[in-house]
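Listed here are the chains, written in short residue letters.
There are 4 protein chains.
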Amino acid sequence: MATRKLKMGMVGGGIGAFIGPVHRMAATLDNQAELVAGCFSSDPKKSAAAGKAYMLNPSRVYQNYEEMIARELALPEDERIDFVSIVVPNVVHFPVAMAFLKAGFNVVCDKPMTISLAEAKKLKAQVEKSGKVFVLTHNYTGYPMVKEAKSVVASGKLGKINKIVVEYPQGWLAGLIESKSNTIAMWRMDPKVAGGSNCMGDLATHAHNLVRYITGLEISEMCADITSFIPGAQLEDDGNLLVHYDNGACGILHASQISAGEENPLKILVYGTRGGLEWRQENPNYLWLKDPAGTVTRYSRGNSNLCKAAQNNSRLPWGHPEGFIEAFANVYREAFKAIAAERAGKKIPAIDAPDVNDGVAGLAFIETILASAKSKSKWTKMKS
Amino acid sequence: MATRKLKMGMVGGGIGAFIGPVHRMAATLDNQAELVAGCFSSDPKKSAAAGKAYMLNPSRVYQNYEEMIARELALPEDERIDFVSIVVPNVVHFPVAMAFLKAGFNVVCDKPMTISLAEAKKLKAQVEKSGKVFVLTHNYTGYPMVKEAKSVVASGKLGKINKIVVEYPQGWLAGLIESKSNTIAMWRMDPKVAGGSNCMGDLATHAHNLVRYITGLEISEMCADITSFIPGAQLEDDGNLLVHYDNGACGILHASQISAGEENPLKILVYGTRGGLEWRQENPNYLWLKDPAGTVTRYSRGNSNLCKAAQNNSRLPWGHPEGFIEAFANVYREAFKAIAAERAGKKIPAIDAPDVNDGVAGLAFIETILASAKSKSKWTKMKS
Amino acid sequence: MATRKLKMGMVGGGIGAFIGPVHRMAATLDNQAELVAGCFSSDPKKSAAAGKAYMLNPSRVYQNYEEMIARELALPEDERIDFVSIVVPNVVHFPVAMAFLKAGFNVVCDKPMTISLAEAKKLKAQVEKSGKVFVLTHNYTGYPMVKEAKSVVASGKLGKINKIVVEYPQGWLAGLIESKSNTIAMWRMDPKVAGGSNCMGDLATHAHNLVRYITGLEISEMCADITSFIPGAQLEDDGNLLVHYDNGACGILHASQISAGEENPLKILVYGTRGGLEWRQENPNYLWLKDPAGTVTRYSRGNSNLCKAAQNNSRLPWGHPEGFIEAFANVYREAFKAIAAERAGKKIPAIDAPDVNDGVAGLAFIETILASAKSKSKWTKMKS
Amino acid sequence: MATRKLKMGMVGGGIGAFIGPVHRMAATLDNQAELVAGCFSSDPKKSAAAGKAYMLNPSRVYQNYEEMIARELALPEDERIDFVSIVVPNVVHFPVAMAFLKAGFNVVCDKPMTISLAEAKKLKAQVEKSGKVFVLTHNYTGYPMVKEAKSVVASGKLGKINKIVVEYPQGWLAGLIESKSNTIAMWRMDPKVAGGSNCMGDLATHAHNLVRYITGLEISEMCADITSFIPGAQLEDDGNLLVHYDNGACGILHASQISAGEENPLKILVYGTRGGLEWRQENPNYLWLKDPAGTVTRYSRGNSNLCKAAQNNSRLPWGHPEGFIEAFANVYREAFKAIAAERAGKKIPAIDAPDVNDGVAGLAFIETILASAKSKSKWTKMKS
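Protein chains in written order, with numbering that gives the first Met the number 0: chain A, 0 to 383; chain B, 0 to 383; chain C, 0 to 383; chain D, 0 to 383.
The calculated DMTMM-like cross-link candidates involving lysine to aspartate or glutamate, where the alpha carbons are at most 25 Å apart (straight line), are:
1) Lys382/C x Asp201/C
2) Lys346/B x Asp357/B
3) Lys375/D x Glu217/A
4) Lys156/C x Asp290/A
5) Lys51/D x Glu78/C
6) Lys266/C x Glu277/B
7) Lys51/C x Asp77/D
8) Lys336/D x Glu33/C
9) Lys4/A x Glu33/B
10) Lys51/C x Glu341/D
11) Lys6/C x Glu33/D
12) Lys159/D x Glu177/A
13) Lys375/A x Glu217/A
Quick caveat, the hints were computed from the structure, so don't treat them as lab data.
This is chain A alone, in the form it adopts within the complex (with noise of 0.2 Å):
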């Protein structure tokens, strides 16, 4: 139990923001950390009206993160913050990420790591040398039920995993394919902002986190098909993956920002020799279990006969809907035992929260889809 609440830094998400909010309402939930600092836009003008909505003191409201990290370094250190949360568009976490942690500060940021492979493992290499807490927000692992899911599939119950099939459809670009508008402003459909992908950035990593935080699986090889059906869009909207894991299971992957109507549906099945397990986010606070004898039965957060991880993970009991924030929050707050522990001296503890090496497989991921898109081959090994 934390004697102190951690000092919270952020580097982006300015008014208006999507994932600059729910890094604050998780990274606080739990009463273990406030935000005292931030630059919360390019622009100086905002990021100071920023700070003046989140009630900061003006004096550590930054104009950017490199003047951001030298007067916070000029602070006592008692005073400075004991980690910085980046939640800036995807190019540019490399940068920010390398120098916060070059000027030994503890890091949580938004995923995808990097926009590139190589950008990963320098980054991979920087954390090791720093001996900084590193945290990435796949934040989906954080709910109780994946856990449980995990739980079980190592608990053997399912037997030999052979088949995977994990979706992440949305449908809120779809509108944009008979657009009559020719730009496309937002940042993710922009390479220069969102790197080399859009959709499978956005979205596949976390389905491909989330089989891999459950089954512990890796990709060995895979088929790529991705599309762009908006008119004038340099990165794709939609694809769809042929898997092949490394115990000898197949699978299929997809996502797509274009399957109109849907919302954000993350949904994973794992079939082993016996038995199945579902679970989905949208109605994140049940896990099902599939019986080849005839049954399905429906595991609910906030029981005692859940995995302790998954009871740990919990603030309310059984019925009283956990949401997408409460997950989140359970990323961090894994992450302060880590930043805890560190700030004071001690052995970094191993926690239970995405680290650099998840970082780095997402981009391996990433790339090897890119690769595989273009290939005129069936399958592609992964990238490592």
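Given the coordinates of chain A, work out where chains B, C and D should sit on it, guided by the hints.
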């Protein structure tokens, strides 16, 4: 928009409590308040331990609520708490709330508001006399899709409402029916702590409040059947009501703690001459509208086709589930509008949150149930 | 196994009727019976037209049921019908069934069996006196998963049953509430044709029969609230009951035709000391068992983990949905076991199908509802 | 409307078979046909026993299909069968169907139509030459809500179709993966009986047919990954396809028999530029339309807001579930329109049922899968 965080005090909510942490998470979720003082247990040692765990200044952790009032009043006005959240057992709601109101503090109080209608009316008089803010945390009305339901009914889309079915079955006490243990230690089942009702005060009041919020209808008369299935229990653990509403609608309202295997599936169905609606607490991000022409349409939180209140009470986009804490936080966010105004010496605005009148209605409801349950006549008029 | 097809006669069920075709499809689904004779309408021309459409020999199509009895009796015994299915409006069930029984025919009759308890008792006396087979098509108990539910309760797995909620809301008459038309032509709403009850006789009797079948419990007393929302209607279109069962369980039973937007969602929830169950007619291939430890397990039709009755009443493997007609056919298939025995001069075996006693219980239920609805006392003892 | 019942013959479908009884129940459900002749097994004793159980005249129960053809032809034309239903193992479909066609009989045949594309084309030529009716029982297209889905796509309501996901996972063979038994006796897994494919021929062909029926789109190229997880199996038990359609849409089609715990959840999702749809075989009375504005609307069978084909293929009102047999019977009902015309010497009308062209498309699909599965190239053009 607030320009400073409101200072929150708490009475009750020690380590291990259920609803205390919910109030703290809900109140601070949006960075508009911070816990600064409290009396967390009737046991001073436990109160102090809780204050430490919550990282409070020990000088603001009190041994009892009278001391808390006296010492907070002794602080300069800009340091003193702006409001107190009362999360003690039912029987103590009244004296604590009265004391804080009389001392000039704004109050957020858990439900049921008091243990008698007489107390409830006295509290109402005090609220009116004091000019302070009083909010009652009937949290289920904080869900965005409940607000959408209210808007749908108000729009007339369903026609005149003729039938309402509202259910709140739980099963967590079913195990006690066959338990060999002679002690029933739970405070909810002890009339000295819970008041004259267990199941109906705890659950049916939520169902009642939900109907009133969504439809604006009031029960005119009822027929109640309550039972204590648990051997030796002094208070009921199950109750079923036939109800008549003031517009001529009929309905059913039932609640239970011995419906084995149920978790927290509060559900409401409202039927008008032109359509019906359904909302379920365990899957709260959706509202179903039923059209006699043969369709059921699911509306989902986070979309722009919802009413303003539903939109304004969301924090996340579609498909990213919000839950119980977020709905609870919506009650607090409304309360803060009123409290901030009161503290600034401005006129207290009308807010979308349950108040002392809802508390009076709740106690009238409970007392009518208890009277009807004893009566041999079919119909008992609603008390007022 | 039958060695010849049984010969079926029908009274009622002309072209355009709802339940007549269901009886014909259900009776012939398993190739154990064939329609050979009938009187399909009180209008001889319509009866003849129906007989032609059903491809009957015109000599076996009759102008009224008295003629049908006389002329069938005049046929050689091996040509004559083995049983008659009665699918006329409620008010005519009694005279037709009595006449066929008195003439020595086996009878399958739609529900409610008669329009008064007195008639029901007379019919029961006649059945007993005649030694013929009488089956009442409370078809919902024909569903395999209803049989599984019965088996689960009987096994004691749920412990002692304490609460039962059974619902049967429909919405198809809601539109009449605001209709400008002054005529309500439907026979169901005409006391001269439907008897003393509309909604409760049509729907609540199914709910009542379902409870009795699954739990074996009988209502000891009830409190009924029935309403005619349709202007000018002589019979009720909505009804809500508080009920007490003979083992001390309590419950709710409600039915409606003005729950706008509902189709046919008959549903039952049974709660014991150790678990609960749920079955829904609109998704009938499943049964849900609720364990207080925190799981809900879905059992599905067609699997070998079900009771013999559930298995024997399935025609298809798991996952290939069976529906209303198949459940109805299960009632007929049981009836045929008894009818074949009777025709062969053997002892009539006990069968798993509703009989004249269920019909008497249904009429006692309806008359108790009507008495309770008029009473100012809370509880009305069940008639018998 | 037929004026006499059609006379049905059957080849295959002995006692204990799965699909034979389905054909018999489906064909006779609407009182438009009766089984009068058959050869039910390659074992004459079993054929005779089946004929007796089905209550046939022993003179119409044959020892083999050649005898059946010869002796039926020897009957007067008005006694002879009007059509034959072929429900033998896959490998025998072709010779039996060819023989009956050549002898001048109308044919209803189970799927897959043949075991090779070459056979399929020969059969098509024979059908065209013969002028007889040939219907292939891809029964899933008989569901009313599948017809509604087709109508919705045709209406343009979803815009241009860009993505299609169709899934058909079963789990019934998963247990064999760890089985110690060395024999895999099932005919489906024996190339000599099933042909070149097990899982894809049995399941994926239904998925393929469903897509073609609903969308009218044809696969232009595919990338297939098929696997035999069962040790010693000669045929695949799992398969995953990336597909491209002729309008530029992309998609996924997968089928499995080792997805442990799945029963028969054939499901299709179609996404256009303006909306999406979803249909699920295990809950077949509904169709879900997904609107990007934030609603999902469930349409249900039996309502007048559906297309004519959906209405005409229903037998029961809303809320009274229809299932697999009824959908199958819809295929037969369409077939009977054509067969009755053919028998009456009239022009055979266009009907809404799968025909020999669908059978050719199915075999082209299977052979393309097998070719793609062996290819190292990503894309394989659809055979034709």
